[in-house]
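Read off the chains here:
2 protein chains.
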Amino acid sequence: MSFPERVREAVRAARGPVCVGLDPDPGRLPPTEDPLVASLALCHRAVRATRGLAAAYKPNSAFFEAHGGPGFDGLSHVRADIRAPAVSILDAKRGDIGSTARMYAKWAFGRLDYDAITLHPLLGWDSIEPFLEWPDKGVFLLVRTSNPGAKDFQDLEVNGQPLYLAIAERVAAWAEEHDGIGAVCGATWPEELAKVRRALGDDVPILVPGVGAQGGSAREVVRAAGSGPLLINSSRGILYAGDGGEGAMREAAEKLRSECQD
Amino acid sequence: MSFPERVREAVRAARGPVCVGLDPDPGRLPPTEDPLVASLALCHRAVRATRGLAAAYKPNSAFFEAHGGPGFDGLSHVRADIRAPAVSILDAKRGDIGSTARMYAKWAFGRLDYDAITLHPLLGWDSIEPFLEWPDKGVFLLVRTSNPGAKDFQDLEVNGQPLYLAIAERVAAWAEEHDGIGAVCGATWPEELAKVRRALGDDVPILVPGVGAQGGSAREVVRAAGSGPLLINSSRGILYAGDGGEGAMREAAEKLRSECQD
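Here the protein sequences come in this chain order: A and B.
Per our numbering, the first sequence starts with residue 885, numbered consecutively.
Per our numbering, the second sequence starts with residue 885, numbered consecutively.
If you're looking for bench data, these hints aren't it; they were derived computationally from the structure.
Quick caveat, the model's predicted, so the values are computed rather than measured.
Every clue listed holds true.
Just so you know, same-sequence chains aren't split out, so a pair can sit in one copy or run between any two.
In silico DSSO-like links for lysine-lysine, alpha-carbon gap of 30 Å or less:
1. 1035 <-> 990
2. 1079 <-> 1021
3. 1079 <-> 1139
4. 1079 <-> 1035
Use the sequences and the hints to build the structure in full.
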């Protein structure tokens, strides 16, 4: 199964594009517990609570790395909880020259066995290719991010269009030649997302962060993203829903899924 | 002492801009030893062999992360070997939104206590600011990289100049307002380095990878980088010099230093 088809299949099985972001914030954990144990327990509950209705899970590597080696290895426990057809995405935003990229790929795909990883595109093709040498794995390249600083560089004008669309066009060209390529495009700017989808075509999976706490609307995202493969991530909105119980997590994921269907 | 002054001081003490890159390639380690133990031993020998003549050390995080949690924690052993005034640079090339950047800063500066970290600039100011909240720490922002794929995006034309110069100009503007900002500019293109130095001004430290194995010449780099603070990195050229002994490592670092003085 090709990578775009795999994403579509995960969305079909979950009856919606919900991706559960796993960013266990140490400031929001019970102060009496060991921070790493509490973080891993929170992720475990979130995955269990949303099983069957999430098309993907996306742990944010930084929140595990902040705990040092045991936190870093905790990413494998999170991975073990995620069951196909849901897609496991390691949100690590790496990006380095070829020989170094090979080491990061070995970590993400070899050691941890994630299905996909997020990457910075700035170093170009030889920083991405080593990840695509792993069969059945995927990369999500940052095209337009969801944060305020996105405008600092991503909106710079390149040949009459913003840089992020020039990146999207290049990503689309790579995706025509190679399986396994997706894009990240933030939800806070739905018009930009629509332009990115046009540039990418209907066969490149788009991962959309920034729904919920960061302010984007799921309805607008689904409309803007058109008919191509799509995953919509919510982290804090699910992880810290209601009373923090699994019921509240599941409800929050169901609510997001139903907003996507409206 | 300001960050640029700290880099200048390290270069003065070492009588040259040599930065020793620590990228222990598992394919070049003795096959009979445990790969992580052999990697850490190699780094330990390289730091010891070049002490006093290296202005900085730059472990490449990927080569430690590939060993999982114990490798990740191994970065603290490498750090412990590096003695001031030499600057310790964690080459991790992170880059994420503010709340995530705070986690990476906590890891690099809080847990590991490195003096500086390399970062992707693509997400803009709020992805960088959390690192600058740590007093006496520095960031090196990727402006122009040393790999073939650099041209894919970094050379795109923005307002009549390549993107990397637009990035350099923005980095210079940030550096006027905030201490702790440096830039990475590859050595494989000395003309570009000269342009980057002009854009940055003479007070922003530039870290130059790509000398040696990647093909850049130290002489040309020093000329192109002008009188601003400068670090020139060599990884494989020192780590795998001659017979692999400490004498050969020291000779290779001395040779690089003398090439810089020509």
